[in-house]
Amino acid sequence: MLNPCISLPVVALLIAGCATTTTTGAPDPHAVTVETSVETGDVTCIATTPQANRQSAATTNAVRSQAGLPPLRASMLLAKAASRHACDMAKRGRMTHKGSRTTGPSQRVKALGYSPRISAENIAAGPFDRQRVLREWRGSKGHLDNIMLPQVNEFGIGHAVGADGKTQYWAAVYAAEQ
28 MLNPCISLPV
38 VALLIAGCAT
48 TTTTGAPDPH
58 AVTVETSVET
68 GDVTCIATTP
78 QANRQSAATT
88 NAVRSQAGLP
98 PLRASMLLAK
108 AASRHACDMA
118 KRGRMTHKGS
128 RTTGPSQRVK
138 ALGYSPRISA
148 ENIAAGPFDR
158 QRVLREWRGS
168 KGHLDNIMLP
178 QVNEFGIGHA
188 VGADGKTQYW
198 AAVYAAEQ
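Position one of the sequence shown corresponds to residue 28 (my numbering), numbered consecutively onward.
Treat the hints loosely; a few may be bogus.
Pairwise CB distance ranges, derived in the manner of DEER restraints [stated by the list, open to error]:
(1) 96 x 192: 34 to 40 Å
(2) 162 x 142: 28 to 34 Å
(3) 78 x 139: 16 to 22 Å
Here are the simulated lysine to aspartate or glutamate pairs, DMTMM-like style, with alpha carbons at most 25 Å apart [claimed, not checked]:
(4) 125 x 191
(5) 125 x 69
(6) 193 x 163
(7) 125 x 156
(8) 137 x 204
(9) 137 x 172
Calculated from the structure, these hints are not laboratory results. Ideal placement from N, C-alpha and C gives every residue a C-beta, glycine not left out.
Model the full assembly from the supplied sequences, consistent with the hints where possible.
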């Protein structure tokens, strides 16, 4: 592990996440699915569009460039892993790095055929749009540590809406292949 996990209360909800561990098929990039969870009811799982992923990578890269770090490539495969995890968190109604069937981002990207040399993840839950969550991560040391990992070179972001229709679940994966 490169850093410990940190939690930060924000707007009466928690925004958290800093897990660090050492595409096939092209579904409709605009797909929105509503899934029912036994625990939480209907959630909205949103597939990340290439444009949203590129814009998020550009925002992240602006921070990295200030430290002289190379830019991250927007990866739709990592976005798919992040989207699946955001959806999983929304279905369970809780923010956690541990997935229903995985222990962290490394397992999730491996399941999609990615061979990570390193992977890290930021997560959040709250009333945040994409730009706000990226801004919150920049302002949190643990999250910023993941953004600034010099070893990573790819990025993907994912999003889902909780059963309450308000809580936005976010996951971002930072990684480099072997």
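Status of the hints after comparison with the structure:
no.	hint	result
1	96 x 192: 34 to 40 Å	holds (38 Å)
2	162 x 142: 28 to 34 Å	holds (32 Å)
3	78 x 139: 16 to 22 Å	holds (21 Å)
4	125 x 191	holds (22 Å)
5	125 x 69	holds (21 Å)
6	193 x 163	holds (18 Å)
7	125 x 156	holds (23 Å)
8	137 x 204	holds (10 Å)
9	137 x 172	holds (23 Å)
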